Amino acid sequence: MLKWIGALDRILKGEVTRLSALRSGTIDVPAGGLSVVVLMLGIIYGVCMGVFAVVGRWKTPHVRMGFEQLAASAVKVPSLFFLTLLITFPSLYVFNALVGSRLSFKTVLRLLIAVLGVMLAVLASFGTIIVFFSVCTTSYPFMLVLNVIMFSISGLLGLGFLLQTLHRLSMAQELNLRPQPISAPPAPVVTVPSAPAVAGPAEKSAADPAAPQAPPAAAPSNPAPLPLPNPRPSGGALDWLDDQAVSRNVRLVFRLWLILFAIVGAQMGWVLRPFIGNPALPFTLFRPRQSNFFEAVYRALHHLFS
Amino acid sequence: MKTLILRADGLLRGSSPAIALPTRRRHLLLILAIFGGAYGAAMGTFSGLAGGHWLQIIYSALKVPLLLAATFVLSLPSFFVLNTILGVRADFGEALRALIAGQAALTVVLCAFAPITLLWYASSSDYDQAILFNALMFGGASFAGQQVLRRLYRPLVKRHPRHRQLLIVWLMIYAFVGIQMGWVLRPFVGNPDAAPQFLRAEMWGNAYVVVIKRAAAALR
Chain A
1331 MLKWIGALDR
1341 ILKGEVTRLS
1351 ALRSGTIDVP
1361 AGGLSVVVLM
1371 LGIIYGVCMG
1381 VFAVVGRWKT
1391 PHVRMGFEQL
1401 AASAVKVPSL
1411 FFLTLLITFP
1421 SLYVFNALVG
1431 SRLSFKTVLR
1441 LLIAVLGVML
1451 AVLASFGTII
1461 VFFSVCTTSY
1471 PFMLVLNVIM
1481 FSISGLLGLG
1491 FLLQTLHRLS
1501 MAQELNLRPQ
1511 PISAPPAPVV
1521 TVPSAPAVAG
1531 PAEKSAADPA
1541 APQAPPAAAP
1551 SNPAPLPLPN
1561 PRPSGGALDW
1571 LDDQAVSRNV
1581 RLVFRLWLIL
1591 FAIVGAQMGW
1601 VLRPFIGNPA
1611 LPFTLFRPRQ
1621 SNFFEAVYRA
1631 LHHLFS
Chain B
1360 MKTLILRADG
1370 LLRGSSPAIA
1380 LPTRRRHLLL
1390 ILAIFGGAYG
1400 AAMGTFSGLA
1410 GGHWLQIIYS
1420 ALKVPLLLAA
1430 TFVLSLPSFF
1440 VLNTILGVRA
1450 DFGEALRALI
1460 AGQAALTVVL
1470 CAFAPITLLW
1480 YASSSDYDQA
1490 ILFNALMFGG
1500 ASFAGQQVLR
1510 RLYRPLVKRH
1520 PRHRQLLIVW
1530 LMIYAFVGIQ
1540 MGWVLRPFVG
1550 NPDAAPQFLR
1560 AEMWGNAYVV
1570 VIKRAAAALR
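Line by line, the protein sequences are chains A and B. Going by the numbering used here, the letters in the first sequence line up with residues 1331 to 1636, in that order. Going by the numbering used here, the letters in the second sequence line up with residues 1360 to 1579, in that order.
Source of the hints: derived by calculation from the structure; they are not laboratory data. Treat the hints with care, since some could be wrong.
[Claimed, not checked] For lysine to aspartate or glutamate, the following EDC-like pairs were computed, each having C-alpha atoms within a straight-line distance of at most 20 Å:
no., chain 1, residue 1, chain 2, residue 2
1, A, K1343, B, D1552
2, A, K1343, B, D1450
3, A, K1343, A, D1358
4, A, K1333, A, E1398
5, B, K1517, B, E1453
6, B, K1517, B, D1450
[Claimed, not checked] Which bits of chain B does chain A cover? Going by a derived footprint, with three or more residues having C-beta under 8 Å, they are:
no., region
7, 1436-1445
8, 1455-1463
9, 1536-1548
As the structure is a prediction and not an experimental result, all values here were calculated from the model. Positions of the beta carbon are idealized from the N, C-alpha and C atoms, including for glycine.
The task is simple: from the sequences and hints, build the whole structure.
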């Protein structure tokens, strides 16, 4: 167990997704063990979420319903993430194969579990705040909106991590495929995250954990690490451009897929509701099929502001 | 006691070499408890001593450090994970010390405001005004605490610019939790018409919902 938590820690620190670590073409994380950690974190956050239902019914005859809701939430939060993964995994794999990226089935799966790890680590860390507000709040819409915000923050960070790692994976593979320039020693390639030529300005996103390790002064004094050798007179330049075009395609497809993931996740949350449990309603495992997530959030906001 | 005051003085001046010693963390917590408690005691004198109202002084003296500490503890996990994800986990120990030092500085400044608060109490017996005045003092002290925090964060920001964003994130989380914590831990000043209580459990609620509802009602 501790080893698996250590694996999650390495992911969060960005050690796993350093370019040097990715050069083998896969992510070195124990998928099974990491899933267990993700499950635990999901349960923790689910319990935190369910506290509101218990507190709202405390010292009433319905307190049992509150505990039922708490148990249901503890099951539902991890299910939400794993089911979303299950639904979006085939499309990610197919898209990934379609755009010519060379990631294997296993790598994509590991990558997505790592993404879940990032999302749930962030989410679970908000647990303390959720419990605190649950204990002293009676407003159901407020809790709803607060939880949506927490989920959105963790989702955005997780997807940022996904995008960054996908980009690095394809970069690592391109580096592997391209013949090594003789002048550049192998070691400096480790610092490639600072290579603006490949990354482009858009990639300087927030979720770029490895980049800062090298002191900034090192870059100008040592231009060698840039993996972009002068294009060879015959064909080299064209190769490079091709590579770049592919990576741009890949990026576009993955961005579109991220939107898909977010929508599926939101709607999955809607299907699995109630997570928090309106204290005015009796406990049910699921609610009838109606409406959708976005309408409900809008209504909660409206209710809060009126 | 004297060393404590000297340390508090050093904290405000920032003269000591960047609170490098690990033992400093304990001293910072001590400063936080004593100076925060001192202001809390001053805060609780509003309803006087008669009729068991002296209890409010003790309650408030306990509650001010509790307010800061509980907010800090609740906000810390998410800040830790965010630091890790953004790749500056190695600096977390130093960041933590800076955050605690910022809070300790806040209490020192708050404590310095205590005589002003007492003067205000002596000159006005309006409960609402007393609350407002205390809010003002807390605002001023938070501002001063932030200056200390920002100064201690400067070397971190220099090492990695991302710390600047993280500091903003911290202040956002901390304010979000802290406002609600202050609301839950009421009463701090103590209504002279009511018996002193540690917590007003029946008046718990959500500060944000109250504000939103009042704003909505005012706009209608």
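Consistency of the hints with the structure:
no.	hint	verdict
1	K1343(A) <-> D1552(B)	55 Å, violated
2	K1343(A) <-> D1450(B)	12 Å, holds
3	K1343(A) <-> D1358(A)	14 Å, holds
4	K1333(A) <-> E1398(A)	33 Å, violated
5	K1517(B) <-> E1453(B)	13 Å, holds
6	K1517(B) <-> D1450(B)	12 Å, holds
7	1436-1445	holds (count 8)
8	1455-1463	violated (count 0)
9	1536-1548	holds (count 5)
When held up to the earlier numbered hints, the structure conflicts with 1, 4, 8 and fits the remainder.
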